[in-house]
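**Q** Taking the hints into account, I'd like the entire structure generated from these sequences.
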Amino acid sequence: MKLSWRWLSELVDLAGVDPAEAARALTFKSAEVEGLERLGTGLDGVVTARVDRVVPHPNADRLRLCTVSTGAGAPVEVVCGALNVAEGQIVCFARVGLTLPGGLTLKKAKIRGVESEGMICAEDELGLGTNHDGIIVLPPGTPVGVPVSGPLGVGDAVLEVGNTAITNRPDLWGHVGFARELSAILSRPLRPPPTAKAEASLSAARAPALPVTIEDPAACRRYVGLVVEGVRNGRTPPALVRRLEALGLRSVDLLVDLTNLVMLETGQPLHAFDLREIRGGAVHVRSARPGEAFETLDGKALSLVSDDLVIADAERVLALAGVLGGKASGVRADTTAILVESACFEAARTRRASIRHGTRTDASARFEKSLDPAGALPAALRYVELLLEHVPTAHVARAAADAHPRPFTPRSIDLAPDLVSRRLGIDVPVETSVRHLTALGFGVERAGAVLRVSVPSWRATKDVVLPEDLVEEVGRIHGYEHVKPIPLVGPLLPARPDPLRALERRGKTLLSLDLGYAEIASYVFHGLKECERTKIDPEACLRLRNPLSAEQDRLQVTTAQNLLRALVRNQAGTGQPGMGVRRLHEWTRVVRKADRRTPERATEIPVVGLGVAERERLDDAKGEVFLAAKEDVLALLARLGVTGAAASDAGDARLDDLGPLPAWLHPGRRAAVRHGGVVLALVGEVLPAVARAWDLAGTAALGEIHLDRVLAAVAAAPATMYRPPPRFPFAPFDVAVIVDRKTPAALVADELRRSAPKAVRGVTLFDAYEGPGIPAGQRSLAFTVTFGDDDATLSPKTIEVLQARAIDALRKKGYTVRTADAPKK
Amino acid sequence: MAEMLDRIQELASEAEAAVAAAPSVEALEALQTAWLGRSGRLQEILRAIGTLPPAERGPVGRAANDVKEAVTSRLTARLGELRAAAEGALGDARWVDATMPGVRRGGGTLHPVTQMRRELEDLFLSMGFSILDGPWVEDDRHNFEALNVAKDHPARDAQDTFWLEDGHLLRTHTSPVQVRAMETRKPPIRAVAVGRVFRNEALDASHENTFHQIEGLVVDRDVNVGHLVHTLKTLLSAVFGRDVEVRLRPSFFPFTEPSFELDLRCLVCDGKGCPVCKRSGWVELLGCGLVHPNVLRACGVDPAAWSGFAFGLGIDRLVMMRHGIEDIRWLMSGDLRFLSQFGAGVSG
Chain V
128 MKLSWRWLSE
138 LVDLAGVDPA
148 EAARALTFKS
158 AEVEGLERLG
168 TGLDGVVTAR
178 VDRVVPHPNA
188 DRLRLCTVST
198 GAGAPVEVVC
208 GALNVAEGQI
218 VCFARVGLTL
228 PGGLTLKKAK
238 IRGVESEGMI
248 CAEDELGLGT
258 NHDGIIVLPP
268 GTPVGVPVSG
278 PLGVGDAVLE
288 VGNTAITNRP
298 DLWGHVGFAR
308 ELSAILSRPL
318 RPPPTAKAEA
328 SLSAARAPAL
338 PVTIEDPAAC
348 RRYVGLVVEG
358 VRNGRTPPAL
368 VRRLEALGLR
378 SVDLLVDLTN
388 LVMLETGQPL
398 HAFDLREIRG
408 GAVHVRSARP
418 GEAFETLDGK
428 ALSLVSDDLV
438 IADAERVLAL
448 AGVLGGKASG
458 VRADTTAILV
468 ESACFEAART
478 RRASIRHGTR
488 TDASARFEKS
498 LDPAGALPAA
508 LRYVELLLEH
518 VPTAHVARAA
528 ADAHPRPFTP
538 RSIDLAPDLV
548 SRRLGIDVPV
558 ETSVRHLTAL
568 GFGVERAGAV
578 LRVSVPSWRA
588 TKDVVLPEDL
598 VEEVGRIHGY
608 EHVKPIPLVG
618 PLLPARPDPL
628 RALERRGKTL
638 LSLDLGYAEI
648 ASYVFHGLKE
658 CERTKIDPEA
668 CLRLRNPLSA
678 EQDRLQVTTA
688 QNLLRALVRN
698 QAGTGQPGMG
708 VRRLHEWTRV
718 VRKADRRTPE
728 RATEIPVVGL
738 GVAERERLDD
748 AKGEVFLAAK
758 EDVLALLARL
768 GVTGAAASDA
778 GDARLDDLGP
788 LPAWLHPGRR
798 AAVRHGGVVL
808 ALVGEVLPAV
818 ARAWDLAGTA
828 ALGEIHLDRV
838 LAAVAAAPAT
848 MYRPPPRFPF
858 APFDVAVIVD
868 RKTPAALVAD
878 ELRRSAPKAV
888 RGVTLFDAYE
898 GPGIPAGQRS
908 LAFTVTFGDD
918 DATLSPKTIE
928 VLQARAIDAL
938 RKKGYTVRTA
948 DAPKK
Chain H
294 MAEMLDRIQE
304 LASEAEAAVA
314 AAPSVEALEA
324 LQTAWLGRSG
334 RLQEILRAIG
344 TLPPAERGPV
354 GRAANDVKEA
364 VTSRLTARLG
374 ELRAAAEGAL
384 GDARWVDATM
394 PGVRRGGGTL
404 HPVTQMRREL
414 EDLFLSMGFS
424 ILDGPWVEDD
434 RHNFEALNVA
444 KDHPARDAQD
454 TFWLEDGHLL
464 RTHTSPVQVR
474 AMETRKPPIR
484 AVAVGRVFRN
494 EALDASHENT
504 FHQIEGLVVD
514 RDVNVGHLVH
524 TLKTLLSAVF
534 GRDVEVRLRP
544 SFFPFTEPSF
554 ELDLRCLVCD
564 GKGCPVCKRS
574 GWVELLGCGL
584 VHPNVLRACG
594 VDPAAWSGFA
604 FGLGIDRLVM
614 MRHGIEDIRW
624 LMSGDLRFLS
634 QFGAGVSG
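Protein chains in written order, with the numbering used here: chain V, 128 to 952; chain H, 294 to 641.
Simulated from the structure, these hints should not be mistaken for lab results.
Predicted, not measured: the structure shown is a model, and the values here were computed from it.
Every residue gets a Cβ at the ideal spot worked out from N, C-alpha and C, and that includes glycine.
A couple of the hints might just be wrong.
Stated by the list, open to error - Sample of chain H residues with no beta-carbon within 12 Å of chain V, all distances over it, derived:
#1 Glu296
#2 Glu303
#3 Ala314
#4 Gln325
#5 Leu329
#6 Leu339
#7 Ala498
#8 Pro568
#9 Leu583
#10 Pro586
#11 Cys592
#12 Gly593
#13 Pro596
#14 Gly607
#15 Arg615
Claimed, not checked - SDA-like mimics (lysine to any residue), calculated; alpha carbons at most 20 Å apart, straight line:
#16 V:Lys940 x V:Val928
#17 H:Lys526 x V:Ile613
#18 H:Lys526 x V:His609
#19 H:Lys526 x V:Val616
#20 H:Lys444 x V:Thr486
#21 V:Lys611 x V:Ala629
#22 V:Lys589 x H:Ser626
#23 V:Lys656 x H:Ser626
#24 H:Lys444 x V:Thr291
#25 V:Lys869 x V:Arg938
#26 V:Lys940 x V:Pro902
#27 H:Lys444 x V:Ser433
#28 V:Lys885 x V:Ile926
#29 H:Lys526 x V:Phe155
#30 H:Lys571 x V:Glu159
#31 V:Lys589 x H:Ala443
#32 V:Lys720 x H:Glu458
As the list claims (entries may be wrong) - Not the full set, but computed from the structure, chain H residues with beta-carbon under 7 Å of chain V:
#33 Pro316
#34 Glu319
#35 Leu321
#36 Asp513
#37 Gly519
#38 Pro543
#39 Glu550
#40 Leu629
**A** This is the structure:
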């Protein structure tokens, strides 16, 4: 919100105070002043002048030749391009040689062959705004030959306060509120805006008040209506226009501009109705009827709902309460009698209506902060006071309509005097608290051990309720610079561990620092297009109601699309060295819609996603990209504390509640990683069709680990129990078998282990081969089996028996045993 | 016997000649095995002694042992010479270009936000704070209402919210974690909530719809603003690796009372004024305050007995300040040309 320094100075004595100093004080004690702009500086030398004569320029259709006099010296000739220049006008004139606020120095120059002695100025040329529609025309009767700053009402400074800083302060949405703050901060007297003439006019009114009905007192705590007659509408004097414009409002006409000026001054929005348009002789504040039509003053046709509060007459809606007026009932050029509305509408309802109809107005912004009902009548009177200054014939014609179903009841708060010091951590004497509170308009009296603080009406609507609110009032005026750092003291207790965070920390370190992965972060939302590319069921994704775009309209159910997006983004073509090797990981959460397992709400599952696309070192034919990713998933699980997880083809995986197998998985290169029968992770190559859809060059593999399952597996893991290291030598033995090519090596290894569970201490695959020498559809697998005994060196005889048993076990499964040897030394 | 002694002498000179002629350490080591090993040539003689008549065994044995000792000492000496020579020549013979690339494992990077998170978490852990996180998909109560932001409260404007089709929302701040902490724990509480938050905002260089916050909460007897300032000064001094100066300004958040903005004296210009601090000498950094009694009450904590402070700041903002990143969108870009610049930081 913008504040005029001049205006503030009218409301509080600011003599000798620099605007910058006041802005700083407000920033540290009230609300942040985000900007300070000095207007109308550099206008020295620009004076008012009369346009004596206007003739067409001899050489240019669009230019005029004006004779201008300033009262001093002979009239001068000026070339002017503005369409609105006319004889008799009082204008702003800058003589040749002058430097204007924009930095332009006027030089004597010929314009289309005619010499111009100066310039008749438009707003932008004087640094007063961006308007270049025409020259500024001052009111008739403005003295000629005086500096323009007076008649223009410039030489002001505008302070801009951040709106979020005053969200909770209904009293700060007008100049009076800030004047009160400055009065308290600077200990300067307040000068409340006068309403004496209006009060006199009101008390002279004999006719009874216009009837007002309020259907729901909660929706409208107060409705004040003043009927003013003898009104004449017209243009608003330039000084007031300038004031409005400097504060970001546009001038409409006098009757409307005055409502806005009072709003800017007091914070209380007003509305002026043309009295002729109020039919049936009464005003009703009521809920709209569903579907009721209303045309706003800016010409928008609204269809109302019953939550909309309206001002209506006997026949129709006149205004959307607290938001904006209607086209039909607004003041016009020929208006002679008005109803000035000054009301207090319910905050939440006004806010809902303004959001619902997409019409945030200066009025609704104020009402939604919970305005002070006590301010309604003074604001209406203030309007009349200002009107009287410009239209002396105006007068209040009827008694004030004042429907006040919920009058302000004073509230007082008991403040323990030491609370201020205890909360701020500094010693604030009681007298200091009393002084600051009093300066802000609070009433303070001692009641036994406590201070009984009565809250002024303008702070009582919601802002100041608790003793803590008073602590803030005292603290800010006293000054937070007095607060000194104090170390926390308290019992030393161990921080509560967070197992998931610990997993994440260990896992990220392993992947990033040991295994060469880069950690990425991605959005949790994506759209239909990426679902289709990745073969994700779009209906499985929880949708956003208000997405930023169609590309980000649903939540992720997997990390696959994030990894693919990043792999593609980083593929060749960037010219960056090392881009051939891409290993990425992301720790995030996927969201599963509510279903019969969790009917209440969607489930968030913490996951880590791995993406590998590496073409330089890995052999695609052998599936090494897939195997590398799988090995890293296993390494990661081991690092996270899962011992004994094993990977196997995911094709027959019972994924229990993981859902169906992802459709992007390559059917021949995919693995489920299980631990204790539970699938912890899936890993596999990306289906070529999916890679194509993503424009992904080469081969990529993705893995996804469900960390909730990892946590459960780790929590269930018993502590490692010590086993004495072997004291007797092991006896290794190599064996090669021919099996069907899709028989998993792990299955064969299991057979070997089971052949002598106590004696087999290790089974390692050291070769896998298919090709010449091996029947088609089969492959050879070679293992080293290691036998051992805790209590003795195995005798040659025992070793022979164990080897025979191993071979026997393989043969029983129907495998062909190719060779069986004790390995060469 | 004489024949035996001659044979021993023969072996002795043969061995000496071989040792003298051995060109390398490896050759000598081979000789050692061939002559002195368990099945070496001298061992054969020694074994043959057993077949001699007892009277001859002494002299032959002694001669054999003498030769063995002599060969051993020649060999050891020669080995020493050769090893010394080889080591002297290592610099040339085994020279490797130190600028050649080695076999590298690793080379990955931790996201800069992760690095900053770790530093912050470590700091707070060391001060006895627990680290917490909560759901991303939140309900209205935890994200707003329990934080003193009722429906239709204008403060909701400041936090544009992503709403989900099922009526939930993506949390707009980490404050709901505070609420959950107070619901489930008894004071005293010292905790920080760290994690992702979401705002329905159009993206530009300084606005993201996804970013990270760290939010602190202390609830104890007579917690005051001085405690808050000390904690934040400690935090910021640790993050920026130097003593920092801070100041408080009044502000408004529905969930704290009183509420403050905390400014940091500009680290770029030391408060003299520069483009980074918009010539003010100060950088607005975070919001904080004493926990509003309504919030304490909504979480089942008695405000008459306990007070607390809370603060929240953007981790991304700290990352950007530290590394001079001018566009926040890099953080979510997944672009390795960006990410690979940060390595592991000091937090690995």
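**Q** Of the hints stated earlier, which fail here?
**A** 9, 10, 13, 21, 22, 33, 34 and 35
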